[in-house]
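Asker: These are the residues of each chain, in order.
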Amino acid sequence: ARFSTSLFYNTPFDETILEVLVCPVSKKPLRYDKEKNELVCEESGIAYPIVDGIPNLVPQDARIINKDTVDRNESPPKTQNK
Amino acid sequence: MNVFDRKAKRLQRDRSTTLPNFEESQYVKEEIGYRTYDRLLDIKREFDVAVDLGCGLGYVSRHITKDTAKLIYQCEMSEKLLKKAEVSPEVPTYKLIVDEEFLPFKDKSLDVVVSSLSLHWVNDLPGCFKAVQKSLKPDRPFIGSMFGGDTLFELRVSLQLAEQELQGGISPHISPFTDVRDLGNLLNRAGFTMLTIDVDEVKSSYDDMLSLMMDLKGMGENNCVWTRRPMLHRNTIELAEKKYREMYSTEEGLEATFQIVNFIAWSPDPSQPKPLQRGSAKFSLKDIERIDELTKDVKSLEEELDKGLNPKKDK
Numbered sequence: 001a002r003f004s005t006s007l008f009y010n011t012p013f014d015e016t017i018l019e020v021l022v023c024p025v026s027k028k029p030l031r032y033d034k035e036k037n038e039l040v041c042e043e044s045g046i047a048y049p050i051v052d053g054i055p056n057l058v059p060q061d062a063r064i065i066n067k068d069t070v071d072r073n074e075s076p077p078k079t080q081n082k
Numbered sequence: 001m002n003v004f005d006r007k008a009k010r011l012q013r014d015r016s017t018t019l020p021n022f023e024e025s026q027y028v029k030e031e032i033g034y035r036t037y038d039r040l041l042d043i044k045r046e047f048d049v050a051v052d053l054g055c056g057l058g059y060v061s062r063h064i065t066k067d068t069a070k071l072i073y074q075c076e077m078s079e080k081l082l083k084k085a086e087v088s089p090e091v092p093t094y095k096l097i098v099d100e101e102f103l104p105f106k107d108k109s110l111d112v113v114v115s116s117l118s119l120h121w122v123n124d125l126p127g128c129f130k131a132v133q134k135s136l137k138p139d140r141p142f143i144g145s146m147f148g149g150d151t152l153f154e155l156r157v158s159l160q161l162a163e164q165e166l167q168g169g170i171s172p173h174i175s176p177f178t179d180v181r182d183l184g185n186l187l188n189r190a191g192f193t194m195l196t197i198d199v200d201e202v203k204s205s206y207d208d209m210l211s212l213m214m215d216l217k218g219m220g221e222n223n224c225v226w227t228r229r230p231m232l233h234r235n236t237i238e239l240a241e242k243k244y245r246e247m248y249s250t251e252e253g254l255e256a257t258f259q260i261v262n263f264i265a266w267s268p269d270p271s272q273p274k275p276l277q278r279g280s281a282k283f284s285l286k287d288i289e290r291i292d293e294l295t296k297d298v299k300s301l302e303e304e305l306d307k308g309l310n311p312k313k314d315k
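Keeping their order, the protein sequence lines are chains B and V. Sequential numbering of the first sequence, starting at 1, is according to full-length UniProt numbering. Sequential numbering of the second sequence, starting at 1, is according to full-length UniProt numbering.
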């Protein structure tokens with residue numbers, strides 16, 4: 001085949017791409033959370049999942065982080081469709 | 001005001017990947033994607049960052065070579081489609097799941113945005129164009145193609161006639177497409193300059209109406225208008241097929257038109273050529289008969305004009 005689907009496949013996540021990416025809602029920079037494999041927007045308090053190395057930047061799929069709680073591990077399961 | 005059910009569109013695109021005719025129904029998108037890529041080549045520049053917005057199976061970006069771009073972002077709303085998308089063999093490509101209505105790019109960070117046959121499902125087209133314009137650096141192109149208003153008019157007319165006859169009313173089965181004139185206005189209003197818009201037509205033939213509809217489904221182009229009717233009566237289909245055959249039959253079968261509106265728009269920059277200010281003309285059209293006299297000192301005027309047009313040095 002002339003074209004390939006896997007040659008430059010971005011697994012694992014490559015952080016250099018954050019240079020141009022911002023949160024589509026707040027337009028603020030994103031932070032890569034290695035532990036949870038998420039892109040976090042501190043400004044609007046939402047986290048975008050990364051699936052197989054592909055960031056999912058659709059606002060509807062994002063997880064809302066509870067800003068008030070210090071322990072972010074127990075965030076509410078606000079994601080509707082993973 | 002929302003016309004399209006984006007969630008449904010996403011599901012339809014996801015599901016199209018599992019259809020048995022998925023691979024072979026991509027012909028329109030593949031052809032138009034290649035043509036859009038061809039237009040990209042017309043711009044003799046090397047781009048650092050390219051974005052394929054609504055890439056589908058990478059119809060445009062798969063062709064891009066390292067002479068054109070150094071980095072590609074493939075953006076697509078449907079995860080399953082994106083995973084199957086073909087990437088360019090030589091340019092590093094990043095895949096992103098992105099809703100065209102919510103662009104995740106920094107202001108003035110992109111060098112070229114291409115989009116082939118995807119923006120016709122966007123609700124907020126003005127907003128989307130504005131977002132693209134913002135994320136482009138100054139004096140960078142936005143190259144795209146969209147389905148135009150005459151797309152699938154045969155199917156639209158047949159279904160409307162059949163429904164009118166049998167059900168006494170019509171419902172939207174073919175989505176409302178953007179008109180050429182509207183597209184120009186929208187791009188202009190979003191702040192783009194130096195628009196070029198042209199219309200292309202691709203015709204394709206089918207044995208029967210249902211195979212056309214199945215192919216549309218394979219492309220992920222099913223109806224997702226909010227007010228769509230979830231069902232189509234069997235009698236209606238039969239009558240529509242009959243009408244289709246009566247009106248738009250050719251030797252090769254039933255003809256279907258895909259009208260493609262191509263555009264190239266540029267993000268504004270002071271270095272671009274601009275029309276002169278109103279009332280700044282040096283000659284009146286009334287003096288057209290004295291043109292020989294007037295052209296004598298045209299040279300000095302031209303120099304003056306040049307200075308006015310390009311305050312900085314020309315690119």
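Think of the hints as simulated: they come from the structure by calculation, not from any bench. Using N, Cα and C, we set each Cβ at its ideal position, and we do this for glycine too. Do not rely on the hints blindly, as some may be mistaken.
Derived SDA-like pairs: lysine to any residue, alpha-carbon spacing no greater than 25 Å straight-line [as the list claims (entries may be wrong)]:
no. : chain 1 : residue 1 : chain 2 : residue 2
1   : V       : 83        : B       : 20
2   : V       : 84        : B       : 53
3   : V       : 106       : B       : 40
4   : V       : 44        : V       : 107
5   : V       : 7         : B       : 14
Looking from chain B toward chain V, a few residues come up when the C-beta cut is under 10 Å (computed) [claimed, not checked]:
no. : residue
6   : 17
7   : 27
8   : 30
9   : 40
10  : 42
11  : 43
12  : 44
13  : 64
Asker: Look at each hint and say if it fits the structure.
Answerer: Evaluated hints:
1. V:83 to B:20: Holds: residue 83 (chain V) and residue 20 (chain B) sit about 21 Å apart, inside 25 Å.
2. V:84 to B:53: Measuring from Cα to Cα gives roughly 14 Å; hence the hint holds.
3. V:106 to B:40: Cα-Cα ~15 Å, so holds.
4. V:44 to V:107: 24 Å, holds
5. V:7 to B:14: 28 Å, violated
6. 17: 5 Å, holds
7. 27: With Cβ-Cβ at 8 Å, under 10 Å, it holds.
8. 30: 8 Å, holds
9. 40: 13 Å, violated
10. 42: 15 Å, violated
11. 43: 13 Å, violated
12. 44: Result: violated, 12 Å to nearest chain V Cβ.
13. 64: 16 Å, violated
Violated hints for the displayed structure, listed by number in ascending order: 5, 9, 10, 11, 12 and 13.
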